[in-house]
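Colleague: Go by the hints and put chain B onto chain A.
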Amino acid sequence: METEQTVLGRFGAYLQITPLVLILVTFLIAPMVVILLYSFFKFGPFATQIGVFVIDNYVRSLSFDSSTWPALADTIRTTAITWAITLVLGFVLTYYLVFDVIQLRIKIFLFLLAVVPFWTSGVVRMIAWLPFLGKEGLINGSLIGLGITDEPLQFLLFSDFAVILSYVHVLTLFMVAPLFNVMARIDLRLIEAAKDQGAKGWQILLYIIIPLSRPGIAIGTIFIVALTASDFVAVRLLSGGTSGTLATAVFNQYAQSRYPLSAASGIILLILLLLFVGGIMRLVDIRKQL
Amino acid sequence: MSAVGTPIKFAGEGHSRGYYIRTVIFFAFLVFLYGPIIVIGILSFQGEQGSLMFPIRGASLIWFQDVFNPVYAGDFRAPFVRSIVLALIVMVITTLVSFLAGLAFRRGFKGSSLVFYLVIVSLIAPPFLISFGLGIGFTSIGLTSQWWSGGLGAHLTWTLPFGVLIMFAIFSRLDHSIEEAAQDQGATRWQRLRYVIIPIVAPGILAVALFGFTLSYDEFSRSSLVTGTGNTLPVEMVTVRGTAARPSLYAVGTMTTIFSLLIITGTFLSLYILDKRRGLLTGGRVTESENYPKKQGASAPAAE
Numbered sequence: 001m002e003t004e005q006t007v008l009g010r011f012g013a014y015l016q017i018t019p020l021v022l023i024l025v026t027f028l029i030a031p032m033v034v035i036l037l038y039s040f041f042k043f044g045p046f047a048t049q050i051g052v053f054v055i056d057n058y059v060r061s062l063s064f065d066s067s068t069w070p071a072l073a074d075t076i077r078t079t080a081i082t083w084a085i086t087l088v089l090g091f092v093l094t095y096y097l098v099f100d101v102i103q104l105r106i107k108i109f110l111f112l113l114a115v116v117p118f119w120t121s122g123v124v125r126m127i128a129w130l131p132f133l134g135k136e137g138l139i140n141g142s143l144i145g146l147g148i149t150d151e152p153l154q155f156l157l158f159s160d161f162a163v164i165l166s167y168v169h170v171l172t173l174f175m176v177a178p179l180f181n182v183m184a185r186i187d188l189r190l191i192e193a194a195k196d197q198g199a200k201g202w203q204i205l206l207y208i209i210i211p212l213s214r215p216g217i218a219i220g221t222i223f224i225v226a227l228t229a230s231d232f233v234a235v236r237l238l239s240g241g242t243s244g245t246l247a248t249a250v251f252n253q254y255a256q257s258r259y260p261l262s263a264a265s266g267i268i269l270l271i272l273l274l275l276f277v278g279g280i281m282r283l284v285d286i287r288k289q290l
Numbered sequence: 291m292s293a294v295g296t297p298i299k300f301a302g303e304g305h306s307r308g309y310y311i312r313t314v315i316f317f318a319f320l321v322f323l324y325g326p327i328i329v330i331g332i333l334s335f336q337g338e339q340g341s342l343m344f345p346i347r348g349a350s351l352i353w354f355q356d357v358f359n360p361v362y363a364g365d366f367r368a369p370f371v372r373s374i375v376l377a378l379i380v381m382v383i384t385t386l387v388s389f390l391a392g393l394a395f396r397r398g399f400k401g402s403s404l405v406f407y408l409v410i411v412s413l414i415a416p417p418f419l420i421s422f423g424l425g426i427g428f429t430s431i432g433l434t435s436q437w438w439s440g441g442l443g444a445h446l447t448w449t450l451p452f453g454v455l456i457m458f459a460i461f462s463r464l465d466h467s468i469e470e471a472a473q474d475q476g477a478t479r480w481q482r483l484r485y486v487i488i489p490i491v492a493p494g495i496l497a498v499a500l501f502g503f504t505l506s507y508d509e510f511s512r513s514s515l516v517t518g519t520g521n522t523l524p525v526e527m528v529t530v531r532g533t534a535a536r537p538s539l540y541a542v543g544t545m546t547t548i549f550s551l552l553i554i555t556g557t558f559l560s561l562y563i564l565d566k567r568r569g570l571l572t573g574g575r576v577t578e579s580e581n582y583p584k585k586q587g588a589s590a591p592a593a594e
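Order-wise, the sequence lines are chains A and B. Everything in the first sequence is counted per this note's numbering, starting at 1 for the first residue and increasing by one. Everything in the second sequence is counted per this note's numbering, starting at 291 for the first residue and increasing by one.
If we strip away everything but chain A, and leave its shape as in the complex, we get (with noise of 0.2 Å):
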């Protein structure tokens, strides 16, 4: 007995962490690693020249007047609009369904009617709202058939507002969920507390609620954050490829065979995913939330 604990103690770990390790080796940081060694291919005249290392990519990528820029940014302004809209109506939403809602039987319901579709397809919800958008669409047209507008409104589709609308549809329960998590842990001695003191509505909301929430906040804006600015799909759907974010930069110079570029301006997509998504765990410990 003293045997197999100490023995299965000392390697169990490691044999059950094992398979989890070799996949995520093989499937993530191998990929990871090929990209790293195209970015440094040397491209041209003509074809990806492999196995010939430049820095090429990246002086063209980070040069002053290179495309990267503007891409970038349009990936933080898309970024910040979704982040800032999800925080809000995700934060109202839950505030909602913990304070609000009472029955604790119709809280549970309404929580999961707003993350059910988390488990659905987001192509098909995406692609769910081109009878909406679009200048023949179902907005158009009412705001023609009611006389409000003479002429279809063109932002409709194929812009960055069919694009942020469908991030908001999508993301906003990457925000609720965390958020419940917590708020949903607030000891609601302490508003009764605060009240008996004589607080008021907004000077709880500040000074207790929004502060206890924050690791939620945090872990929702990692979801968010990470999501958005790394997403082609809903620009290739719903923007007709006309958005100029990065993540649609990489894809584009991908689709036209031009692999180092592509991959320099992947890796600098990822390099600075992984400064956000670090610089917000040094803030808030997720490992203690979970």
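Certain hints may be false.
To be verified - If we take Cβ atoms under 7 Å as the criterion, some of the chain B residues that face chain A in the derived model are:
1) Phe316
2) Met343
3) Ile346
4) Leu390
5) Ala394
6) Arg397
7) Ser412
8) Ile414
9) Phe418
10) Ile420
11) Leu424
12) Ala471
13) Pro524
Claimed, not checked - Selected chain B positions facing chain A (Cβ under 7 Å, derived; list incomplete):
14) Ile315
15) Pro326
16) Leu333
17) Phe422
18) Gly427
19) Ser511
20) Met527
21) Gly543
Because the hints were derived from the structure by calculation, they are not lab data. The structure presented is a predicted model; accordingly, all values stated were derived computationally and were not measured. Don't be surprised by glycine CBs; every beta carbon is placed ideally from N, CA and C.
Modeller: Same frame as chain A, but now just chain B:
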């Protein structure tokens, strides 16, 4: 008013104005969330003249027939079967690997934070890069990635983070003393796993299985370049959208959503039944443990 479930009523008596505003926002959000999918459900019942846009032109089932017996659009049948087979494989691997990883994290090992960060990186890595890297990685060793090789791997980089984080959360809530008690009673390591740990974490395992299946079944970004000669359903849908889009795209979208909803409902029903059973099993014990601190508290001063 009881302490449990006390709502915050800022305006004193009755519901505040904020409450009504939040109620409206919540239900408006549900309409926003489910509206579009219901609308494409309706649009898939159009007649032969139907398009992707309003107005509805006629009524028929031809777009559903087109999915099963394609005339207008691409063939969705093989991708659908492929997606289900792949999702089942991903589900089994995700559940097993996450459970084992959960046990490892619970026991603790050198480098566990490193593995934890690896899992986080897997979650946030740009999906397109994974697909791109896997694609050229396979090519460079003289292979072509297929849905069951590179596609499977790409899906696992998405499902495993969720599986591992769920297991991590479940195991960190699991009381060590339960296992110790079983050990004191002479249970072997295997018996402790089989009769103590697995029954307690069973709902978590079921949840991981749900994540594994559905996230794989719906995955597009990470596997888009590596499904090889056989597209999965989401990859096929995006391809069809790019070419000749007919309402059969909506019909397949509607059917796949209904399929997902059935899977989700089934899982939650099983979770509910599991919970009921556990409630019956642990019913007696819970009351005991509730009484325990009181007895101790009462007997402590008496002993003094």
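Colleague: Hint by hint, note whether the structure agrees.
Modeller: Hints, one by one, checked against the model:
1. Phe316: It holds, given that the least Cβ distance between Phe316 of chain B and chain A is near 5 Å, below 7 Å.
2. Met343: 5 Å, holds
3. Ile346: 10 Å, violated
4. Leu390: 4 Å, holds
5. Ala394: Hint on Ala394 of chain B: holds, closest Cβ of chain A at ~4 Å, below 7 Å.
6. Arg397: Since the shortest Cβ distance to chain A is 4 Å, the answer is holds.
7. Ser412: 5 Å, holds
8. Ile414: OK, holds: Ile414 of chain B within 7 Å of chain A, min 4 Å.
9. Phe418: With a minimum Cβ separation of about 5 Å from chain A (threshold 7 Å), the hint on Phe418 of chain B holds.
10. Ile420: Holds, about 6 Å.
11. Leu424: Hint on Leu424 of chain B: holds, closest Cβ of chain A at ~5 Å, below 7 Å.
12. Ala471: 16 Å, violated
13. Pro524: 5 Å, holds
14. Ile315: 5 Å, holds
15. Pro326: 4 Å, holds
16. Leu333: OK, holds: Leu333 of chain B within 7 Å of chain A, min 6 Å.
17. Phe422: With Cβ-Cβ at 6 Å, under 7 Å, it holds.
18. Gly427: This hint holds: Gly427 of chain B lies near chain A, its Cβ roughly 4 Å from the closest one there, short of 7 Å.
19. Ser511: 6 Å, holds
20. Met527: Where the cut-off is 7 Å and the nearest Cβ of chain A is about 5 Å from Met527 of chain B, the hint holds.
21. Gly543: OK, holds: Gly543 of chain B within 7 Å of chain A, min 4 Å.
In the structure shown, a violation is registered for the earlier hints numbered 3, 12, in ascending order.
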